[in-house]
Amino acid sequence: MTEVLSARFKSQAAEALGNVTIQESLDRLVNFRQGRVDAIAEYGQDRWDALSDRAREIKRDTLEHLDEYLDQLSRQVERAGGHIFFATDAQEANDYVAKVAAAHDVKTVIKSKSMVSEEMGVAAVLESMGIEAVETDLGEYIIQLAREAPYHIIAPALHKSKEEVSELFQRILGTPAESDITALAGIARQVLREKFLQADMGMTGANFGVAETGTIVMVTNEGNGRMCSSLPRVQVATMGMERVIPRLRDVATYLPLLTRSATGQRISSYVSFVTGPRRRDEEDGPQEFHLVILDNGRSRMLADPELREALYCIRCGACLNACPVYGKVGGHAYGWVYPGPIGAVVTPSLVGVPRAKDLPFASTLCGACRDVCPLKIDIPRMLLKLRSDAVEGPAETRVPRRVESLMMRVWRRTVAGPRLFSLAGKAASAAQWPLSRRGALRWLPPPLSGWTRSRDFPRAAMRPFRARWRNHEGRHGR
Amino acid sequence: MADREQFLANIRDALSSSNHSVSPAQAGAQPPARPDSVEKPPPSDLLAQLERTAALQSWHFTRAADENEAAASIVEIAKEHGAGRVVRTAHDVLERMALDAALTEAGMESVLLAETLGGLDAQARQDTAAAAAVGVTGVDAVIAETASVALVPRRGMSRQASLLPPVHVAVATADQVVASLDDVLALRLDALAEAEEATWYMNLVSGPSRTADIEQTLVVGVHGPGVVYLVVIGE
Amino acid sequence: MARKRVSLFVTCLVDQFYPEVGEATVRLLRHLGVDVDFPEAQTCCGQVALNGGYRSLAASVARRFVEVFRDSEAIVAPSGSCVATIHAHYADLLRDEPELAGEVASLQARTYELSQYLADVLGVDDVGARLPSPVRATYHDCCHALRDLGVQSQPRKLLSSVDGLELAEMKDSAACCGFGGTFAVKFADISTAILNEKLRNVDATGADVLTAVDASCLMHMGGALRRRGARTRPLHLAELLCEGLEEPRS
Numbered sequence: 023m024t025e026v027l028s029a030r031f032k033s034q035a036a037e038a039l040g041n042v043t044i045q046e047s048l049d050r051l052v053n054f055r056q057g058r059v060d061a062i063a064e065y066g067q068d069r070w071d072a073l074s075d076r077a078r079e080i081k082r083d084t085l086e087h088l089d090e091y092l093d094q095l096s097r098q099v100e101r102a103g104g105h106i107f108f109a110t111d112a113q114e115a116n117d118y119v120a121k122v123a124a125a126h127d128v129k130t131v132i133k134s135k136s137m138v139s140e141e142m143g144v145a146a147v148l149e150s151m152g153i154e155a156v157e158t159d160l161g162e163y164i165i166q167l168a169r170e171a172p173y174h175i176i177a178p179a180l181h182k183s184k185e186e187v188s189e190l191f192q193r194i195l196g197t198p199a200e201s202d203i204t205a206l207a208g209i210a211r212q213v214l215r216e217k218f219l220q221a222d223m224g225m226t227g228a229n230f231g232v233a234e235t236g237t238i239v240m241v242t243n244e245g246n247g248r249m250c251s252s253l254p255r256v257q258v259a260t261m262g263m264e265r266v267i268p269r270l271r272d273v274a275t276y277l278p279l280l281t282r283s284a285t286g287q288r289i290s291s292y293v294s295f296v297t298g299p300r301r302r303d304e305e306d307g308p309q310e311f312h313l314v315i316l317d318n319g320r321s322r323m324l325a326d327p328e329l330r331e332a333l334y335c336i337r338c339g340a341c342l343n344a345c346p347v348y349g350k351v352g353g354h355a356y357g358w359v360y361p362g363p364i365g366a367v368v369t370p371s372l373v374g375v376p377r378a379k380d381l382p383f384a385s386t387l388c389g390a391c392r393d394v395c396p397l398k399i400d401i402p403r404m405l406l407k408l409r410s411d412a413v414e415g416p417a418e419t420r421v422p423r424r425v426e427s428l429m430m431r432v433w434r435r436t437v438a439g440p441r442l443f444s445l446a447g448k449a450a451s452a453a454q455w456p457l458s459r460r461g462a463l464r465w466l467p468p469p470l471s472g473w474t475r476s477r478d479f480p481r482a483a484m485r486p487f488r489a490r491w492r493n494h495e496g497r498h499g500r
Numbered sequence: 045m046a047d048r049e050q051f052l053a054n055i056r057d058a059l060s061s062s063n064h065s066v067s068p069a070q071a072g073a074q075p076p077a078r079p080d081s082v083e084k085p086p087p088s089d090l091l092a093q094l095e096r097t098a099a100l101q102s103w104h105f106t107r108a109a110d111e112n113e114a115a116a117s118i119v120e121i122a123k124e125h126g127a128g129r130v131v132r133t134a135h136d137v138l139e140r141m142a143l144d145a146a147l148t149e150a151g152m153e154s155v156l157l158a159e160t161l162g163g164l165d166a167q168a169r170q171d172t173a174a175a176a177a178v179g180v181t182g183v184d185a186v187i188a189e190t191a192s193v194a195l196v197p198r199r200g201m202s203r204q205a206s207l208l209p210p211v212h213v214a215v216a217t218a219d220q221v222v223a224s225l226d227d228v229l230a231l232r233l234d235a236l237a238e239a240e241e242a243t244w245y246m247n248l249v250s251g252p253s254r255t256a257d258i259e260q261t262l263v264v265g266v267h268g269p270g271v272v273y274l275v276v277i278g279e
Numbered sequence: 007m008a009r010k011r012v013s014l015f016v017t018c019l020v021d022q023f024y025p026e027v028g029e030a031t032v033r034l035l036r037h038l039g040v041d042v043d044f045p046e047a048q049t050c051c052g053q054v055a056l057n058g059g060y061r062s063l064a065a066s067v068a069r070r071f072v073e074v075f076r077d078s079e080a081i082v083a084p085s086g087s088c089v090a091t092i093h094a095h096y097a098d099l100l101r102d103e104p105e106l107a108g109e110v111a112s113l114q115a116r117t118y119e120l121s122q123y124l125a126d127v128l129g130v131d132d133v134g135a136r137l138p139s140p141v142r143a144t145y146h147d148c149c150h151a152l153r154d155l156g157v158q159s160q161p162r163k164l165l166s167s168v169d170g171l172e173l174a175e176m177k178d179s180a181a182c183c184g185f186g187g188t189f190a191v192k193f194a195d196i197s198t199a200i201l202n203e204k205l206r207n208v209d210a211t212g213a214d215v216l217t218a219v220d221a222s223c224l225m226h227m228g229g230a231l232r233r234r235g236a237r238t239r240p241l242h243l244a245e246l247l248c249e250g251l252e253e254p255r256s
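Chains as they are written, first to last, in this note's numbering: chain H, 23 to 500; chain G, 45 to 279; chain V, 7 to 256.
Source of the hints: derived by calculation from the structure; they are not laboratory data.
Here a beta-carbon is modelled for each residue, glycine too, at the ideal position from N, C-alpha and C.
Do not rely on the hints blindly, as some may be mistaken.
Stated by the list, open to error - Using C-beta positions, here's what the derived DEER-type ranges look like: (1) A53/G x S62/V: 32 to 42 Å; (2) P138/V x R435/H: 39 to 49 Å; (3) S166/V x V52/H: 39 to 49 Å.
Given the sequences, and given the hints that come with them, work out the whole structure.
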């Protein structure tokens, strides 16, 4: 499984905040935001809301009967001549892919973008076997050359400037310096075209797995997904177990939500429906088709009534684009495969709260993510749930926080009644007197010092509201 | 290693440990209302809609009164792209318009990209498609709302003709135009009900290959065709 | 017609730091003919504990809140986020006490953010305020007021009707100011980066006053404005509206 660096959220965030190129690239997220708004306006808000409700309803039903739908999906894949593998964790999934590759004496694997394969870290596993595993989505290719993790679910190389891409291509591919973006894409096209034509195995993700027909649906813009599922002898698709949808016609519900939320596109350039390997009477296509269905912690989310809704996610990335925090710290700060608000829920849920202890707290809870989510996933509510897991949950989710919990114990007594509450207010007001200047505090001691680095803190009132009320109203009565 | 039964049993455990809500008796027992089941517009409206959306999706859109006119358009397109060789599929509509003859007459070569009909082996097929300047295919349906053509590869209809050449010309007849994706999926289910095999592949193509992965700047033709034509025959 | 009566939930922040916001709220309500009382047993809504992950503590505060305001006809607070805590989270927090469910639902239905109460319950768009000198004001949409309570048009209507006030909309008025409670302390640099972007949009309006329906967001943005010695004054909606009411105040 891909290494989890989420415990370093703060230092990774600080790096991004200090990087001008990254800040400029994050400013470009406005294009995604505007694209989405325009696309929904074109579609019609009422129609959009109805589609969204329907999509939620289908997900609810799907997850409540997930075992049945997965059973149906797997049997239909087999009926279509495909192989199916259920993997409990990333290791099992990687082992299976390695076994298939070895059995076919595979030298080169071409990969199209898949978040689950990032989660597995399968490219590294194949490379350790001496198999060349090439990412073929332009953005993924760039970050693979740079040996980095995807920055954004939809735009993996969002953070790279064209100069950085040019430098990368020069260093690794030996191509001349190039400042034109079309020409840079042309270089990648040329290099990757060769890989497409010589590869023995294609690996793809699956945006949806249709139980009714055993079809996986892949949504791409570049055409690399079509290459990966058409040219090599073997295709291996990986999908998270929650990506199953019951009926073929449900694709018509999810696809508009996905593409319009993600990039503001009416539809992506290519939507591929893959049902088993090539037909007997077909001209081309893989002779073998494998579908790997991955759990890797998802069943724990399924079992938790407060986290299950996170499995509704269709990975459109709209919450990243809307999030004020992602908009400043970018993808790598989150330290694993899934960044942004949905990542702050999914990562601690899959890898455990203690390994990603900052993520549930790294949010202002502003709710912009929930507003733009096409599945209306209540991300802030789930962040609160993960916070409470970290603070007062069972031992395996708890993260020690001594000073804070002491403060909260004091606060508990304070808010339990007006008397102590007033007293505490007076005490605080008196304590800060020496620190204040003209009605405000310019400095506070740790752990509050972060506030006063950039902001004054108000001085508590000499006479709080309740004293004024008593004084005033006590005399006049009510 | 987890086998299917073990994996699914684990999911059942997860579901039963959660007191989430009361499940209906049967999966999918009440599929929610379909918001998109609007009344079907008349065909002429669909064509007008397609013409609009095709432009938005960056198709070069052409109407042709009949097969001859379509063939002439395709010859012009091939010429414009300096094609010495055009690869094509065995779709009926291309046979009816005698495309090979039209291209040959204009000094170009037309190659049927098929093992089953044209005798090219796998390697030759791939080499030919990759070297061709233009690929011409028929389609199985066209979606007016998104200007998407549905391609279902089968005997004589290679996946590569619409994928490897830098230019793709998709040829449809007016009666193939449907309103929405849902219509195409419904047609597909009808076809499956009649088919002997459960195996199938379908692509929806909705414009040129595109990427905006570098600085969110649009580039077309990154892996698939960068220039695409949609020719619709008839009213 | 029976006079309306509301119980003021002043919120802990206003009580201890911004008592003048509480006074303005009382004055505004009375000016509009509403009787106001102040249940002195009140303390906090529990938002701080809830956001910090101290759910059981938040639950005990919520239970207390339900008891304190049990007999109130209506509850009004000059804070969108506190009201949102009650609306969006009390049912969840008290789910283990099903006997309270009915009371919680009724409490939620009776609890209003100030501008909501003025515009939606009293039907007032114009409080009759006339500012002594012209003011250019910009309105920040506080996240919870906007997204949990749907407060968007109410404060704008009230502001637009003030004589002498020009409402200048800022870019991305619905973008978070970066406060998020302890977030602003735990992740101070990220919070500041978000805040800076917000204040750039405030600055661009050239407003004299930055107003909102939550004292907490104003404390955050105002703290930075003050640090920079900015000309723009942070002012709660209640205070801004009151500035235009006829004196004397007592």
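Verification of the supplied hints:
Take A53/G and S62/V: their Cβ atoms lie about 34 Å apart, and the range 32 to 42 Å holds. Checked against the hint of 39 to 49 Å, the pair P138/V and R435/H passes, with Cβ atoms roughly 45 Å apart. Separated by about 28 Å at the C-beta atoms, S166/V and V52/H break the suggested range of 39 to 49 Å.
Hint 3 from the earlier list is the only one contradicted by this structure; the remaining hints agree with it.
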